[in-house]
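Colleague: Read top to bottom, the protein sequences are chains A and B.
Mapping to the numbering used here: the first sequence position 22 is 22, numbers consecutive.
Mapping to the numbering used here: the second sequence position 88 is 88, numbers consecutive.
Rather than coming from a laboratory, the hints here were simulated on the basis of the structure.
Some clues are possibly wrong.
[As the list claims (entries may be wrong)] Covered by chain A, according to a simulated footprint, are these stretches of chain B (three or more residues, beta-carbon under 8 Å):
(1) 30-44
(2) 80-87
(3) 103-117
[Stated by the list, open to error] Cross-link-like lysine to aspartate or glutamate pairs, in silico, EDC-like; alpha carbons within 16 Å at most:
(4) K99/B with E73/A
(5) K9/B with D48/A
(6) K79/A with E23/B
(7) K7/B with D64/A
(8) K2/B with D64/A
(9) K3/A with E23/B
(10) K2/B with D27/A
(11) K99/A with D48/B
(12) K2/A with E65/B
(13) K3/B with D27/A
(14) K7/A with E55/B
(15) K99/B with D15/A
(16) K2/A with E55/B
(17) K79/A with E68/B
(18) K79/B with D48/A
(19) K3/B with E73/A
(20) K3/B with E71/A
(21) K2/A with E73/B
(22) K9/A with E73/B
(23) K3/A with E65/B
(24) K2/B with E61/A
(25) K2/A with D48/B
(26) K3/A with E61/B
(27) K7/A with E61/B
(28) K3/B with E46/A
(29) K7/A with E71/B
Cβ coordinates follow ideal geometry from the N, Cα and C atoms, glycine included.
2 protein chains.
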Amino acid sequence: MKKINLKEKFSKFTDQWSPKVIEEMNDYQFKLVKIKDDFTWHKHDETDEAFFVIEGNIGIEFEDETIELNEGEMIVVPKGTKHKPYARKEAKIMLFEPKETNNTGDIINELTAENDQWI
Amino acid sequence: MKKINLKEKFSKFTDQWSPKVIEEMNDYQFKLVKIKDDFTWHKHDETDEAFFVIEGNIGIEFEDETIELNEGEMIVVPKGTKHKPYARKEAKIMLFEPKETNNTGDIINELTAENDQWI
Numbered sequence: 001m002k003k004i005n006l007k008e009k010f011s012k013f014t015d016q017w018s019p020k021v022i023e024e025m026n027d028y029q030f031k032l033v034k035i036k037d038d039f040t041w042h043k044h045d046e047t048d049e050a051f052f053v054i055e056g057n058i059g060i061e062f063e064d065e066t067i068e069l070n071e072g073e074m075i076v077v078p079k080g081t082k083h084k085p086y087a088r089k090e091a092k093i094m095l096f097e098p099k100e101t102n103n104t105g106d107i108i109n110e111l112t113a114e115n116d117q118w119i
Numbered sequence: 001m002k003k004i005n006l007k008e009k010f011s012k013f014t015d016q017w018s019p020k021v022i023e024e025m026n027d028y029q030f031k032l033v034k035i036k037d038d039f040t041w042h043k044h045d046e047t048d049e050a051f052f053v054i055e056g057n058i059g060i061e062f063e064d065e066t067i068e069l070n071e072g073e074m075i076v077v078p079k080g081t082k083h084k085p086y087a088r089k090e091a092k093i094m095l096f097e098p099k100e101t102n103n104t105g106d107i108i109n110e111l112t113a114e115n116d117q118w119i
């Protein structure tokens, strides 16, 4: 058991849209990811997904609205909900989701990242 | 679906050691809690428990060590592990744990809070 400093973990990687696992809890994982520009539209049919903005600003497009989030804000995207995250400048976010959750959900493309990358 | 601002949610209550639910994800809940002085020794036999320090500094005593956490740091306490959180000055923390998790775990005393208090 050891504590985790989020800033220190963010300093360990530079690639974008490629979630890094920092800790597990039961069957879930906390992941850090740096994002910039547009992700791909996707959904997770099996699970909700939590987003926390640690640094910067992001937006998440949904089919009927766009929600912008600033540092210190979070949102839970319900399972089955199509969404497309984006960031105009690089932003640092934390995700919380079950182990084995694929970053691009039901879509496989060039943005699909390797799972279970620990830092 | 709506975003949640942690600071705004912390402004909605003043009591200590009484977790407030801000969001759910699958069968889990995100909870905010203000803490000061010492909590009670307890454990959660059924689940791990995640602590995030949002503002201030806290410590968690374990049977064989004490871990201090500052703003921007987190820890996951494994299920079955006896622990006693404390804060010398009031600190603001976020917990993540399954719904129905009792704040004092296997102990019932004057610090046991009502569950499922939403703000």
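Colleague: For every hint, state whether the structure bears it out.
Modeller: Hints versus structure:
1. 30-44: violated (count 1)
2. 80-87: It is violated, with 1 qualifying residues against the three required.
3. 103-117: violated (count 0)
4. K99/B with E73/A: Since the Cα atoms of K99/B and E73/A sit roughly 21 Å apart, the hinted pair is violated (cutoff 16 Å).
5. K9/B with D48/A: 21 Å, violated
6. K79/A with E23/B: 15 Å, holds
7. K7/B with D64/A: 27 Å, violated
8. K2/B with D64/A: 13 Å, holds
9. K3/A with E23/B: 24 Å, violated
10. K2/B with D27/A: Between K2/B and D27/A the Cα gap is close to 25 Å, so the pair fails against 16 Å, i.e. violated.
11. K99/A with D48/B: Cα-Cα ~15 Å, so holds.
12. K2/A with E65/B: Satisfied, since the Cα-Cα distance of roughly 11 Å is no more than 16 Å.
13. K3/B with D27/A: The hint is violated at about 25 Å.
14. K7/A with E55/B: 15 Å, holds
15. K99/B with D15/A: The hint is violated at about 35 Å.
16. K2/A with E55/B: 19 Å, violated
17. K79/A with E68/B: 36 Å, violated
18. K79/B with D48/A: The hint is violated at about 23 Å.
19. K3/B with E73/A: 7 Å, holds
20. K3/B with E71/A: 12 Å, holds
21. K2/A with E73/B: 10 Å, holds
22. K9/A with E73/B: 10 Å, holds
23. K3/A with E65/B: 12 Å, holds
24. K2/B with E61/A: Given that 16 Å is the threshold and the Cα spacing comes to 13 Å, the pair holds.
25. K2/A with D48/B: 14 Å, holds
26. K3/A with E61/B: Holds, because 13 Å separates the two Cα atoms, which is no more than 16 Å.
27. K7/A with E61/B: 24 Å, violated
28. K3/B with E46/A: Roughly 21 Å separates the two Cα atoms, so the pair is violated.
29. K7/A with E71/B: Measuring from Cα to Cα gives roughly 10 Å; hence the hint holds.
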